[in-house]
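Q: Here is how the chains run, residue by residue.
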Amino acid sequence: MNTSRRGLSFYLLGAFFALFVLFLYGPTATILVLSFQGPEGGLTFPMNGVSLHWFRNLFEQQAVGDFGGSFRRSIALGLMVMVLTVLFSVLAGFAFRRRFRGSGALFYLAIASLIVPSILVSLGIGLFFNILGLEPAWYSSALGAHLTWTLPFGLLIVFAIFNRFNPAYEEAARDLGATPWQTVRHVVLPILLPSLIGVGLFGFTLSYDEFARTLMTAGSFNTLPLEIYGMTTNVTTPVLYALGSLTTVFSFTVIGLFLLGLIALRRHRLRRSSR
Amino acid sequence: MTLTAETSRPSATAAAGRARRVRLAPRLAPYLQAAPLTVTLLLFLLVPILTIVVVSFWDYDSVRFYPDFVLTNYTELLTSPVTWKTYLNTLKYAALSWAITLGIGFTVAYFLAFHVRSTTWQMLLFLVCTIPFWTSNIIRMISWIPFLGRNGLLNSGLISAGIIDRPLEFLLFSDFSVVLAFVHLYALFMVVPIFNSMMRIDRALIEAARDGGASAVQTLWNVILPLSKPGIAIGSIFVVTLVMGDFITVRLMSGGQSASIGLMIANEISLLQYPAAAANAVVLLAVVLIMVVAMLRVVDIRKEL
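For the record, the sequence lines run as chains A and B. Using UniProt numbering, the final residue of the first sequence is 275, and nothing's skipped along the way. Using UniProt numbering, the final residue of the second sequence is 305, and nothing's skipped along the way.
Be aware that one or more of the hints could be misleading.
What the hints assert, rightly or not - SDA-like, lysine to any residue: derived pairs with alpha carbons at most 25 Å apart:
no.: 1; chain 1: B; residue 1: K85; chain 2: B; residue 2: G256
no.: 2; chain 1: B; residue 1: K92; chain 2: A; residue 2: L156
no.: 3; chain 1: B; residue 1: K229; chain 2: A; residue 2: A160
no.: 4; chain 1: B; residue 1: K229; chain 2: A; residue 2: S9
no.: 5; chain 1: B; residue 1: K229; chain 2: A; residue 2: A264
no.: 6; chain 1: B; residue 1: K229; chain 2: A; residue 2: N48
no.: 7; chain 1: B; residue 1: K229; chain 2: B; residue 2: I104
no.: 8; chain 1: B; residue 1: K229; chain 2: A; residue 2: F162
no.: 9; chain 1: B; residue 1: K229; chain 2: A; residue 2: M80
no.: 10; chain 1: B; residue 1: K92; chain 2: A; residue 2: A160
no.: 11; chain 1: B; residue 1: K229; chain 2: A; residue 2: F16
no.: 12; chain 1: B; residue 1: K92; chain 2: A; residue 2: I115
no.: 13; chain 1: B; residue 1: K85; chain 2: B; residue 2: K229
no.: 14; chain 1: B; residue 1: K229; chain 2: A; residue 2: L156
no.: 15; chain 1: B; residue 1: K229; chain 2: A; residue 2: I111
no.: 16; chain 1: B; residue 1: K85; chain 2: A; residue 2: I115
no.: 17; chain 1: B; residue 1: K229; chain 2: A; residue 2: F20
no.: 18; chain 1: B; residue 1: K92; chain 2: B; residue 2: A216
no.: 19; chain 1: B; residue 1: K229; chain 2: A; residue 2: G102
Said to hold, decoys possible - Over the 10 Å line for every Cβ pair with chain B, so calculated as not near, a few chain A residues:
no.: 20; residue: F36
no.: 21; residue: P39
no.: 22; residue: F55
no.: 23; residue: D66
no.: 24; residue: E135
no.: 25; residue: A178
no.: 26; residue: L189
no.: 27; residue: P194
no.: 28; residue: L215
no.: 29; residue: G219
no.: 30; residue: N234
no.: 31; residue: H268
no.: 32; residue: R272
No lab work stands behind these hints: they were computed from the structure. The beta-carbon is built from N, C-alpha and C at its ideal position, and this holds for glycine as well.
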């Protein structure tokens with residue numbers, strides 16, 4: 001396979017792939033362009049001049065709602081979900097390396113968490129809080145709702161890592177006299193670190209963009225996706241695209257930072273090991 | 001001297017304590033480590049679902065809902081022709097989205113796994129496919145509007161090319177745009193697991209097939225496809241469950257002209273008819289679980305990790 005020359009099928013499949021990428025990114029690129037629409041411009045092409053009008057509009061007008069507040073809440077919530085997802089899934093990953101009673105049930109519960117439609121999670125938590133007389137809030141009920149979506153992903157990533165993990169490293173550490181904690185701290189965690197960055201990326205971005213699970217669990221203050229959803233029903237100006245562009249750029253920045261973190265970590269290690 | 005004597009004694013007891021802990025720890029440790037995950041899932045998944053099941057038997061009036069044991073929520077749901085029509089519509093969305101994402105996902109994964117030769121490129125292109133997964137779904141849906149709208153890019157392009165003389169109306173706020181958005185949002189959930197399965201296929205098997213005289217198509221059909229089944233099953237579970245439970249895509253992309261079960265539940269919630277929404281949700285969950293169990297017969301996911 002590796003020595004054969006590239007045939008027609010390679011180019012056909014390559015073209016298909018290119019179209020797929022265009023399909024994935026094209027629409028987003030369109031609204032990125034349209035958010036620079038002139039003050040008189042509408043929701044579609046043609047561009048009626050180029051301006052930053054709609055971005056200014058986003059920050060000035062109160063008609064857009066509580067954009068700043070919802071943005072801050074979404075970031076805070078995303079960070080909390082990220083930390084808890086990393087922590088809980090790594091701990092559970094350690095647990096699953098040994099036999100314990102109920103491990104099968106817990107595994108299927110985690111898988112069920114992926115399969116159960118988000119609106120059920122939203123409705124269930126909303127009803128549960130309602131019956132207990134608790135006030136739902138983004139930092140309590142919505143936090144829990146988001147974790148039901150991010151934890152299974154985190155757990156599956158940690159599983160994948162532990163399955164390829166060579167226990168000989170741990171045995172070597174133990175043979176050299178390391179305590180269990182030292183083994184974890186100096187041997188296991190450094191090996192896991194890159195995938196933990198990956199789990200963190202899932203935790204933050206999935207929470208930051210989550211809509212369905214937040215719907216009935218956010219309480220009286222909106223997160224950003226709820227705010228955007230509200231806008232889609234009553235805003236008919238390109239200010240919607242301006243907001244869309246901003247959050248997309250923000251998401252890309254976050255993803256970029258995580259990836260840069262991974263690359264930096266790898267470089268750092270290569271340099272250290274070559275020394 | 002006294003100082004060392006004093007400090008050595010507590011440390012000795014501490015050592016004894018540690019020894020006891022070490023003996024206890026191995027048995028207890030997994031339970032403690034699994035506890036945060038277990039508690040979170042019990043509290044925010046299992047208990048809420050049980051709450052839904054309980055509330056589905058409660059009664060309600062225009063202002064509140066209250067404990068009772070009635071079956072009216074279910075009988076009203078299951079005897080209404082609207083429910084059946086909505087289920088049919090939702091299943092149609094699921095079937096179409098599944099078939100299209102499967103076709104795209106398999107092709108893209110096949111290209112990445114077998115036609116891109118350098119690992120760096122493979123990872124880079126794979127990343128290009130996955131990045132949209134980490135951005136906002138709502139924004140990704142909205143971004144189709146300037147493309148598909150009446151005066152959108154596609155219509156004006158087709159008109160100026162002379163292919164059509166009036167804008168196509170079915171492009172936006174129709175079943176077409178709903179399925180298109182589903183494919184756009186969820187194709188990734190097919191690509192990733194199928195790619196993962198394909199990367200585990202022993203390349204020697206492909207060589208063997210070729211040496212045995214199989215054509216590229218025969219290899220694809222008789223070797224790669226069967227070995228990609230676990231990935232296909234996992235991707236299918238993702239796509240089908242996401243589409244079955246969706247309400248926002250259908251609401252935004254059909255412009256309120258189509259219905260899905262998720263949307264029906266969301267509407268009942270917004271009318272504060274919680275017991276009716278709960279009964280609807282229980283039935284939806286049952287349907288989704290049956291579909292998942294059927295797909296799981298093809299594959300044991302636990303072996304695939």
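Q: Beyond 10 Å from every chain B Cβ: check whether that's true for A/P39.
A: 17 Å, holds
Q: Are the Cα positions of B/K85 and B/G256 separated by 25 Å at most?
A: Measuring from Cα to Cα gives roughly 16 Å; hence the hint holds.
Q: Are the Cα atoms of B/K229 and A/M80 separated by 25 Å or less?
A: Violated, at about 37 Å.
Q: With a cut-off of 25 Å on the C-alpha distance, tell me whether B/K92 and A/L156 pass.
A: 30 Å, violated
Q: If I take the minimum Cβ distance from A/L189 to any residue of chain B, is it greater than 10 Å?
A: 14 Å, holds
Q: CA of B/K229 to CA of A/F162, is that 25 Å or under?
A: 24 Å, holds
Q: If you draw a straight line from the CA of B/K229 to the CA of A/F20, is it 25 Å or shorter?
A: 22 Å, holds
Q: Confirm or reject: A/E135 is not an interface residue toward chain B, with every Cβ-Cβ distance exceeding 10 Å.
A: 16 Å, holds
Q: Decide, holds or violated, for the assertion that all CB atoms of chain B are farther than 10 Å from the CB of A/F36.
A: The assertion about A/F36 holds, with a minimum of 13 Å to chain B.
Q: Please work out if B/K229 and A/I111 have their alpha carbons no farther apart than 25 Å.
A: Within the cut-off at roughly 19 Å; holds.
Q: When you check the alpha-carbon spacing of B/K92 and A/I115, does it fall within 25 Å?
A: Distance ~19 Å between B/K92 and A/I115 Cα, so the pair holds.
Q: B/K85 and A/I115 were given as a pair; does the straight-line alpha-carbon distance stay at or below 25 Å?
A: Within the cut-off at roughly 23 Å; holds.
Figure legend: structure checked against the earlier numbered hints; hints not met, in rising order: 2, 5, 6, 9, 10, 13, 18, 19 and 28.
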